[in-house]
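Protein chains in written order, with the numbering used here: chain A, 1 to 519; chain B, 1001 to 1309; chain C, 2001 to 2325; chain D, 3001 to 3325.
If you are wondering where the hints come from, they were derived from the structure by calculation, not from laboratory data.
The structure displayed is predicted, hence computed values, not measured ones.
There are no misleading hints in this set.
Quick look at which bits of chain A chain D covers, simulated, 3 or more residues with Cβ under 8 Å:
no.: 1; segment: 322-330
no.: 2; segment: 346-358
Here are some of the chain D residues that sit facing chain A, going by a computed Cβ distance under 10 Å:
no.: 3; residue: Asn3197
no.: 4; residue: Val3199
no.: 5; residue: Gly3208
no.: 6; residue: Gly3218
no.: 7; residue: Ile3219
no.: 8; residue: Gly3275
Here are some chain B residues pointing at chain D (derived, C-beta under 7 Å):
no.: 9; residue: Val1033
no.: 10; residue: Ala1046
no.: 11; residue: Gln1049
no.: 12; residue: Asp1050
Think of the CB as a built atom: it goes at the ideal place given N, C-alpha and C, for glycine as much as any other residue.
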Amino acid sequence: MVEGSENLAIEARRISKSFFGARALKAVDFSVRRGEVHGLVGKNGAGKSTLVKILAGAQPPDSGTIRVGEKTFEALDPLTCGKAGIAVVHQNAELHPELSVAANIFLGAEPRTRFGFVDEKTMAEEARKLLEQLKLDIAVERRLGDLDIAMRQQVAIAKAVREKARILLLDEPTAALNKSQADFLFDLIRDLAESGLAIVYISHHLDEVLTISNRITVLRNGEKVGVVEAGEADKESLIAMMVGRALEKTVRESVTTAFPAVILDLDAITVPEKLDDVSLSLGRGEIIGVTGLMGSGTRELAEVISGVSRASGTMTLEGKPYEPASVRDAIARGVVFIPEDMRERGLVMPMSVGGNISLAALGNLARLSWLNLGGERKAALSMSERLDLVPRAPEKEVRFLSGGNQRKALLGRAVFAGAKLFVLEEPTQGVDVEAQAQIHDHLRALAADGAGVIFMSTDLEELIALADRILVLRDGSIDATLSPVGLTPEDLLTAIQAQPSAHANTQSEPRSTKAATHV
Amino acid sequence: DTYAFMRAGPDPFYQYGMEAVQMAAEQLGDEIVTYNANNDSTQELANIQDAITQGVDGILIYAVSLSSEKAAIAQAQRAGVPIFFEYGYDPELLDKVAGFMQIDVPTFGVPVGKFVGETVKEGKVAIISGKLGRGDAEAYSEGFKKGLTESGSKAEVVSEVPGDWNRQMALDATAQILTAHPDLKALYVHNDDMAVGASIAIERAGKTGEVLLASGTNGAPYGLELIKEGKLAVSHANPPSSASVMAYRLLKGVVDGSVEPGQYYDAPSTMITKDNVDEAQPWDPSKEQVAEWVKMPLPEPVKPAPGTN
Amino acid sequence: MSEAISTRSEVKGNDAKAGRLKFANIGRYTLVLTLIVIIVLTAIGNPRFLSTNNLLNILFQVSALGIVAFGQTILLVSAGLDLSVGAMLSVAGIVTALTIAATGSVLLGVLAGLATGLVIGAINGMLVATNRATPFIITLGMMTFLQGVAIIISGGSPVNGTGGLFDFIGFGSLATIPYPVYVMAIVLVVVFFLLRNSVLGRYAFAIGGNEEAARLSGIPIARIKIALYAINGLIVGVAAVVLTGILDSALPNMGTGYELRAIAAVVIGGTPLVGGRGTVLGTLGGVLLLGLVSNSMNLLGIGANYQSAVLGLIITAAVILQRPR
Amino acid sequence: MSEAISTRSEVKGNDAKAGRLKFANIGRYTLVLTLIVIIVLTAIGNPRFLSTNNLLNILFQVSALGIVAFGQTILLVSAGLDLSVGAMLSVAGIVTALTIAATGSVLLGVLAGLATGLVIGAINGMLVATNRATPFIITLGMMTFLQGVAIIISGGSPVNGTGGLFDFIGFGSLATIPYPVYVMAIVLVVVFFLLRNSVLGRYAFAIGGNEEAARLSGIPIARIKIALYAINGLIVGVAAVVLTGILDSALPNMGTGYELRAIAAVVIGGTPLVGGRGTVLGTLGGVLLLGLVSNSMNLLGIGANYQSAVLGLIITAAVILQRPR
Ligand SMILES: Nc1ncnc2c1ncn2[C@@H]1O[C@H](COP(=O)(O)OP(=O)(O)OP(=O)(O)O)[C@@H](O)[C@H]1O
Ligand SMILES: Nc1ncnc2c1ncn2[C@@H]1O[C@H](COP(=O)(O)OP(=O)(O)OP(=O)(O)O)[C@@H](O)[C@H]1O
Ligand SMILES: [Mg+2]
Ligand SMILES: [Mg+2]
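With the hints as extra help, turn the sequences into a complete structure.
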C-alpha cells in the first residue's frame, strides 16, 4: 500500500468468504481513508454486501484481517464495531417494525434516567433534533412499521449517523429513495466526509457513485478488479471493469406510439385520498412508466390494477370489464404484479429459486394437481439463464442470493407466469447495469410479443430507457404524460417536482383517447 | 421371579401401591420392574408389550381406564404372561386374566351417601367430582346420590362441579359453591386430595364445622390427618398398599399354580371416621406391617356385584 | 418542494396512527366487552356473583395463574416461550415445602423456592440462547424433564404442611384483601414497568420484533435472553411459593396445565406468539377472563360434563371476536 | 467472458448443491445418529431389544402417534398448527365406537370416524383462515371445546367393543406386520407425495414461507388453509380409527397429550414452527425417537419414577445437538 496507513480509517486485507463452498469473496484488499467517500461497485452477487457485512461485524470472514485504527481483528462483531465507531446501513434496512422511530434510532444506546430506566423524553428530544439536523421529516413517535420503505431507509441512515461513527458503511442507501431524497442524502454524505468520516458507498447508480466518491473499488465475482480515482474514471470504464467488457450504450431515438389494440383501459379510477380520477389506456405491446413523488399514488395505482386493492371507476381488460376482487382474479385474467418490497411481499425466502419462479403459474407445470418437478427444474434453469441469475442453481434457497439476483428471481416469476399485462414496481431496483439492460430487453421482448407493461419507478434513467410513455402522478392524479424521446433525466425530474400550477409544458392524458394511438 | 408393576399415572395413589409391592417383593425374594402409562392407553399397551419382551413372569396392573383392557389382555394372553388387574374389571374378560381386584365402583359412593344422609337430614349438598372421562368419577356421584336417597334424608344435591382430582381446583370450586350456596350443609368430594383443597376453602370461608365434608375414596395419609383434625367427616378408604400386596400375592399364586386364575376379588375398603381412624390401614406401611400382610391369609374370591364393570 | 413532501408524510403519519389506535383498541375493547358480558350474565343468573367476597375470591383464585402469565408475557414479547413453567412450578413448590419441612424455616423455604425458579429459568435461557432450536421444543423437553424431577424429589407423593407460610398466604389478608392478591399485583406492576420503562424491556421488544436487527444494533442477544428467562423463572418461583402456601402442600403435578393456561391468557390479552408487541395489562384481562368463566360456570351451576365445552367455546369466541380478518 | 461466467456459475451451482445437501443433512444425521446411539445402547443392555418382534412392537406402538404427526407436519409446513388433534382424536374415536355399537357395521363406524375428523378439521381451517388470531390460540380453544364434546357424547365413560375392527386392527397382520403399521406407512407415503409433488403441498410451503407473497402470487390462501386443516382432520380421523381398533374401545380422554407429542415429533424431525420448510421423513424420525426411547427405557428397566426425567433429557439433548448455534 502506498498510502500512509496512519491515514486509513479501516483496512481489510486478503478477506475471503465462502457460503457452503461458493466463493463470495476471494482475498480482497480494501481500505478507506479518513474523510473519504469510497465507492464500491460491482455486478449483482459480486460480493459488495458480503464485504460490508464483514466490515460491520455482521458476519465473520473465513480468512483475512481487518485493521481499525490501531487494532487488528480476525473478525468483528456488532458490539466491537459499535465501540470502534463503525456504523452501517444494510441493504435491507434492519429495523424494528413494532418500535417507534426514536426507539429504533437509539436502539442499543438508550439514554437512561437516574433509575436506569429508558429516558423516553430525552430520547424523543434527541431523535427529533437529529432528524431535524438531517432535514428528515418523520415524526419520532411513529411506529416504524407504518413507514414506507423510503422513510425506513432514512431512519436507518439517521440511526447510523446517531452512532457518531468514524466509519459509515452505506449499502445501496438510495435504492428506495427518489431523486430529491437521494440528492439530499448526498449533501449529507459530503458534510459527513468533510467532518472526517470515512464513508463506504455502494450503489448501482454509477453516476451517483462517480459524483460523490473520491475513490472507487470495483469487485467482480468476489475478486477485486481495481481501485480508481473517481476523477479519472467514467461510467463506461467502470462498467467495463465490472462486467469485463464494454457495454453498448442504448440511446432512445424513437419510440413506438402506435399499438394494434388496447389491452388495459382505466376510466376515472378513484380511491379516496389516494387516487383521483385516473384514466389511461395501455396498448398491446406498450410499456408505460409511472412515476411521482413519495405518496403520489403510484403504488395505489399498481395495486388497483393488479387486484390488491379496490377502486371506483371502471377498468377494461382486452375489451371486457375487469373487476378483480383479488390478486388471484387478476392473475386468472393474465395480470401479474411484482411488488417493490420483495422481502416482505415478494419472495418466499425459505423456498428454492425455482419454486419462487414457478409460484404464480404452477398450473402450467401440473397435471391433475401433480407437479412435474423435472419440468419445473428445466423451466427455472432456462429462466435463470434468460435473466442471468447468478448462480444458476434453481434448487438453491432464494434467501441465499444477493439482493439484485433476488429481484431477478421475482421478475422471473412474472415472466414465467406468461402474463398479458405486467404490473411492476421498481423492476430493477438493486440490479446491476448489465442485468438492468437485460431485464429491459426482456420486458421489451415481452411487449413485442403482445403483452402490456406498466411499471412504477423512481429511477429516471430507467423510465427514459424503458418506457414508451411516462406518466407523472401528483396527489393521486395524472399530472403529465411525457414521451421519452429526447427527454433528459433533468427534464423528467423537473416535471416530477413541478408545482401543481406548472402544467405549461406537459400534456394531460386526453380523456377521449380510447384508441390505441398516442402522441 | 420378576414381576411388572404398572401404574396408570403419576398420582400418589399408585406411588403408595408401588412402594408397598416393592417392599413385599423384597421380603418374598422377587424383583419388581415398574412402568408408568401416564394415563395414556396407548402407552399402557406399549408397556405391556415391552414387559412381555423383557420376559417378566407376571404383570400387576392398575389400568388406565375401566374396561378398555381387551387389547392389553390379548397381548398378555398371546404371550402366556399372566396379568392381574387392580382396576379395570370387565365380566367378559374374567376368564382371560390371572384375576381382578377392585373396589365395587358403582356402589362405592353409596355408604358415603348414606353416612351424609344420616347426619344431614335436609338441606343442600354439593359434589366435586374427579376428572371425567374414565368412568369412575361418574359412578361415584351416582352411588353417592343413591345412598343419600336410601338414607331417607331430604337433603338435595344442588351443585356438581369438576375438581379433576386436583387440590387447587377443589379449593376454588368449594369457594364458588359456598358463594352460590352459603347455606350448604354437606360437600362430597371424590377423593382425599380434593378434600385437602375443600377443607382449606371451607376454613377460609369461616364455615368449619358448618359444612360436613365427606370424601369418596382414599383414606390417604393427608385424609386421615384431616379426619383427626375434625375437618373431614369420613373417607371411604381403599388403601393401595394392602390391596397391591394382596394382588401381588394372588398373582404369584397364579404363577406357581396355588391360586386359580380368572377370579374376582374385592379390594379392601373401610369407611374411616374419627372413631376408627387409628385402625385405618396405612398407605405408607412399615416393613413390619408389610410382613404381616405378606403372611395374612389370601382373600377369597367373590362374585362381582351385578353391574360392576 | 420539501414542504409538500413533509405535509404529505404528516398526513400519512396521522392517518396511520389514528388507524392503528382504532385497530388496537378494537381488540382491547372486545376483551373488556367480553368480560363485561360474562359479568352481567352471571350477575343476572346469580346475584351473589357480585358480592365483594366472591370478587375477592376470583382474584385469590387466579393469583398463581396470573403471576405465571405475567412472567410468560415477558417471554412472548421477546418471541420466546417457556412451556416448562407448569413443571417448574411443581419443582419449585416441592423444594419450598421440603425445605420448610427440613429446616422449619418459612423464610428459607421461600428463598429456596425462588432460587429454584431462578436457576431453572436461567438454564432454560441458556439452552434457548445457545441453540437455534425453537424455545417451544427446548422447553417442551425441559417440561418433561422437570415433571420427572418433581416426581423424583417428592418421591411421588404430596409434601404436606408449610406451617407459617400457609397461615400467611393461605389465610392472611390486609384490608380484607388476601395476600396472594397483593403478590400478584406487585408482580404485575414490576413486569409493567420492566416492559415499559426498562432497557431490558426495550431489548425484549427489540429481540421479539427482529432478532437479527437487534443483534446488528449491538444488543447482547444471548445475555438478554438468559436474563429474561431467568426473570420468568424467578416469577414462577414466586407463583410456586404462593400456590404452595395456598394449598398448604406441594404436589408433584400441581403445575400441570399451567403452561397452556398461562399462554392462553397472554395471547387472549393481545400479545402475539411472534413477539415484538404486547402488554401485561392485556394479560391481566386474559387471566381474569379465564378466572371469571370458571367462576361463573360454577355459580350458574353448569354441570361438570359441560364445563369444558363451554370454556372452549368462550375462549375461541373471545379470540375470534378480538381479531377478525 | 460470458462463457467463463456460465462455467463459473455452473461450478458455483454444484458447489452450492453439495453445500446445501451437507447443511440440510447435519440435522438429519444428528437425528439418525441419536437414533443409532439409543439402539446400540439398548441392544447392549437387553439383547431382546433387537428381536423382530420387539421392533414390530415399536412400530405398532407409534402407529397412531405417527399418523397424527404426519398430518401435523402438513400444517407446520404452512406455518399452521392444530393443538386440538388430541381432543379430535378422542371425539372421532368415540363417534367410531358409538356408530359401530349403534349400527353393528364396522364400515359405517370407520366412515363416521373419518368424517368427524374431516369436518372438525375443516371447521378449524375455517376459523384459522377467517381470523387473524394465531392458530395456536384458536385451536387451543377448540381443544378445550372438543375435550368437553368427547365427555358429553360418551357420557363420560369409555365406549367399549368395536367388533371386527378390533380383530382387524388390534390383531390382524400381514406377513407378520400388524395392520396399523401399514396404515401408518400409507399415510406417510401420501403425505410425502402431497408435500413434494402436489400443487397443494407447494402452496403449503409458500404460505408457510411468506403468506403475503403467496397471496400476491394468486394463491387462494383461505381455501388452501381450509383444505390443509381438513386433510389434517381426516388424517386424525384415520388415527382415531386405528387407536379405537387397537384399544377395542374409545375413551373420552384417549387423545390427551397427543398434540404435544405429535408437535414434538414434527419439530424434532426438523420442521420449524414458523413454516416454509419441513419433511415428513424427518417427522418419522422424530416419532421413532419418541417410540424408541420409551421402549428402550422399559427394556432397560428404568423405573417408572425416572422415565419422565430421562425422556425429557433425551428430547432436549436431541434437539440441541441437532441445531447448535
Ligand atoms: N447468507 C448467504 N448464504 C449463501 N450465499 C450467500 C449469502 N450471502 C451472500 N451469498 C452469496 O454470495 C455472493 C455475493 O453476495 P453479495 O450479497 O455480497 O452480492 P452484492 O455484490 O451485494 O450483490 P447485489 O448488488 O445484488 O446486492 C452471491 O453469490 C450470494 O448468492
Ligand atoms: N397502508 C397504508 N395505510 C395508510 N395509508 C396508506 C397506506 N398505503 C398507502 N397509503 C397512503 O396512500 C397514498 C399513496 O401511497 P403510495 O404508496 O401509492 O404512494 P407511492 O407513490 O407509491 O409512494 P412511494 O414513492 O413512497 O412508494 C399516500 O398518501 C399514503 O399515505
Ligand atoms: Mg448487495
Ligand atoms: Mg412507490
